[in-house]
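If you want the building blocks of each chain, they are given just below.
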Amino acid sequence: MSNDLYISASCVITNHVVSKNEQSIFENKAATLPDFLVSVYRFLNIQYPKFHKMDNLSKLGWLANEVLLRNNFDAAKYKPDETGIVLMNANSSLDTDIKYVATTKEMASPALFVYTLPNIVIGEISITHHFKGENAFFICNEFDAGFIHQYVSNLAYNNILQCCICGWVEVLNNEYKAVLFLIEKFKSVNSIIFTKENLYKIYQLQNG
Amino acid sequence: MSDLKMQIIAQLNLQDTKPEDIGDDQPLFVEGLGLDSIDALELIVLLQQHYKIKLSNAEDGPKVFKTVRTMAEYITAHQAQNA
Amino acid sequence: MNEPVFVAGTGIISAIGYTVAECLDALENGRAGMNRMQYLDSVHKQRLPVAEVKLSNDELAKLGNLTNIKSRTALLSLIAAKEALTNAGIENIKSLRCGFVSANSVGGMDKTENFFKNFLTHNNKGKLRNIINHECGSVTELVADALGIKDYITTISTACSSSANSIFFGARLIRNNIVDLVVAGGTDSLTKFTLNGFNTLMIVDEQFCQPFDENRRGLNLGEGAGYVVLVSEKVAATLKNKPQIILNGYCNANDAYHQTASSPDGTGSFLAMSGALKKSGLQPADIDYINLHGTGTQNNDIAEGTAIKRLFNGQYPKMSSTKTFTGHTLGASGGIEAVFSVLSLQHGIIYPNLRLQTPMADLPFVPEREFIKDVKVNHVLSNSFGFGGNCSSLIFSKY
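Protein chains in written order, with our numbering: chain R, 156 to 363; chain U, 871 to 953; chain A, 5 to 403.
Wrong hints could be hidden among the right ones.
As the list claims (entries may be wrong) - Computed cross-link-like contacts, EDC-like style, restricted to lysine to aspartate or glutamate with a CA-CA straight-line distance of at most 20 Å:
{"no.": "1", "chain 1": "A", "residue 1": "K154", "chain 2": "R", "residue 2": "E297"}
{"no.": "2", "chain 1": "A", "residue 1": "K283", "chain 2": "R", "residue 2": "D190"}
{"no.": "3", "chain 1": "R", "residue 1": "K205", "chain 2": "U", "residue 2": "D930"}
{"no.": "4", "chain 1": "U", "residue 1": "K888", "chain 2": "R", "residue 2": "D190"}
{"no.": "5", "chain 1": "A", "residue 1": "K282", "chain 2": "R", "residue 2": "E237"}
{"no.": "6", "chain 1": "R", "residue 1": "K205", "chain 2": "U", "residue 2": "D906"}
{"no.": "7", "chain 1": "A", "residue 1": "K49", "chain 2": "R", "residue 2": "E261"}
{"no.": "8", "chain 1": "A", "residue 1": "K58", "chain 2": "A", "residue 2": "E26"}
To be clear, the hints were calculated from the coordinates, so they are not data collected in a lab. All of these numbers come straight from a predicted model, not from anything done at the bench.
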């Protein structure tokens with residue numbers, strides 16, 4: 156049970172800066188959050204019209220995942236149920252819950268209601284990439300690197316997953332932070348060892 | 871119908887679509903614009919909020935929302951009733 | 005790492021009863037919990053039947069002897085969790101490492117939505133302290149505090165599969181020697197937020213729901229809480245009443261199809277059920293009863309039914325949806341239905357799928373229509389499928 160696990164890649168989006176493997180790759184300081192998210196989408200040059208329907212939490216998590224996997228993820232290595240997703244945040248889907256409640260005054264919006272659950276972001280990522288492995292969303296006050304490390308290690312060592320996307324995705328009004336990690340069982344070019352210290356170090360990256 | 875197209879784009883957050891991109895007789899669901907079940911529900915909201923028409927039976931949806939033209943015809947027919 | 009995890013206690017509160025005994029009695033006598041809305045003040049009061057717990061918040065507080073908890077979600081949670089712990093009767097509980105893993109989807113929303121209405125009229129209106137416990141996590145912590153559980157507390161929020169996920173997460177904590185005992189399950193109270201939302205998705209039934217009926221019209225929302233007390237083999241051996249039931253298998257998968265609908269061929273359900281079987285080492289033919297997710301929506305029932313057809317391939321166990329009694333209790337459903345599954349094993353009973361008039365034409369099996377007792381029940385499969393494609397299945401077995 157001593158096979159190491161590796162952080163093959165990481166992505167941090169906060170303060171209007173996008174970082175991959177601790178290097179800034181895009182920034183757009185002047186924009187509002189919704190505009191910032193769209194600008195990241197355009198920067199990534201992806202065609203996925205359903206992006207525009209997502210709420211801010213899903214957009215943020217989905218974009219972070221696109222950055223995370225780009226150029227360093229070989230989907231062919233894994234069967235659909237071998238890749239899973241484990242995320243956490245403190246405020247669940249509160250940002251969208253508030254917006255949804257505002258619509259109930261006149262006529263409740265089905266499109267917003269769909270996003271009043273924090274795990275829908277997992278659904279969006281899974282739909283795009285056909286990930287069918289175990290997935291979970293936890294609510295806690297702050298990023299718990301030890302918890303993520305323990306939980307994901309357990310899944311990997313017990314062969315419940317061969318690959319896991321994990322991290323923190325949080326949005327509330329204009330405060331937001333996404334930190335995603337790609338955990339795999341082999342070492343590659345930019346890999347660092349999967350430890351809670353490394354997780355925490357990357358989480359604390361403020362992006363300027 | 872071009873007003874309706876703009877309303878559809880706004881209601882469904884189709885930010886990458888322009889009214890000219892939506893054909894009058896182009897299927898809205900599955901193929902064509904590729905809308906899904908939640909979009910159908912949002913179109914029901916659109917009918918209610920903009921045109922005060924209530925579509926209470928979700929099963930009528932596919933017929934009414936088949937194309938922009940069928941939507942426009944439905945609106946005209948029911949607005950006449952409401953008037 | 006593969007040591008058995010025992011179910012030492014169960015606790016429940018729902019539209020059909022305030023305790024396990026009351027719920028059992030209702031299940032045996034076909035008393036469903038749906039009715040005209042009584043406690044929730046919603047514009048849909050006249051139109052949509054719901055399965056409410058038939059007590060106001062004050063009455064709940066009195067029932068549970070809780071004076072300073074205001075949130076309905078927390079009240080329901082505490083009452084059911086307390087019953088589970090009492091039922092488990094663990095005398096030396098203070099010497100054990102204990103965890104509380106609870107799920108919910110609304111958190112303190114019941115209080116927040118009332119605050120919000122006042123707040124919208126003027127910034128100064130509305131009691132801010134009512135929303136301090138809004139987040140899902142706060143509800144869990146409040147209840148853990150009241151139960152005296154400190155060692156491990158966490159909240160899972162994955163829609164309708166949440167409390168099933170809590171239960172198998174709890175089992176993992178025990179197997180990994182992080183705790184000796186876990187109270188695991190979930191809670192949810194009825195709120196305008198959820199009612200309006202489900203109504204706008206047009207999947208609620210204006211009549212009493214008919215899951216797995218060809219002419220089903222949708223779901224009835226419900227509320228409640230359900231918890232199991234899980235213990236390690238070591239702890240089980242010390243108990244006076246030796247637990248006979250184990251959590252034998254579990255699996256979670258993602259359908260990866262749509263945010264709120266299941267894939268028509270039930271891929272997610274199939275993966276979850278077959279994964280749970282694989283984990284338990286059982287064959288489909290070993291399952292004696294399936295507690296269906298069975299919400300009564302067009303979509304769920306055909307997706308789940310199709311997955312069962314594929315997996316069980318001609319050898320169909322007895323099955324039913326107890327949501328025909330309790331309504332769909334969202335974050336609590338996995339927990340409540342886990343309790344029903346355990347009771348089925350303990351008492352050798354199978355619950356009916358109420359109000360089934362016309363079986364679904366596309367499925368080669370029919371859920372049970374009558375309550376059956378004195379049945380040999382050794383293995384029960386319980387399904388919980390949530391929005392976001394999150395699909396979970398649990399298998400409980402006699403040890």
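The hints, checked one at a time:
About 18 Å separates the Cα atoms of A/K154 and R/E297, which keeps this hinted pair within 20 Å; it holds. The hinted pair formed by A/K283 and R/D190 fails the criterion: a straight-line CA distance of about 46 Å is larger than 20 Å. A C-alpha spacing of about 25 Å is found between R/K205 and U/D930, which places the hinted pair above 20 Å, so the restraint is violated. Our distance criterion of 20 Å between C-alpha atoms is met by U/K888 and R/D190, whose separation comes to about 19 Å.
With a C-alpha separation of about 15 Å, the suggested pair A/K282 and R/E237 falls inside the 20 Å cut-off, and the hint holds. Between R/K205 and U/D906, the direct Cα distance comes to roughly 10 Å. Compliance with the 20 Å bound is thereby established for this hinted pair. Distance restraint check for A/K49 and R/E261: the Cα-Cα separation of roughly 17 Å lies within the 20 Å cut-off, and the hinted pair is therefore satisfied. With a CA separation close to 13 Å, the supplied pair A/K58 and A/E26 stays within the 20 Å bound.
In terms of the numbered hints stated before, the structure departs from hints 2 and 3, listed from lowest to highest.
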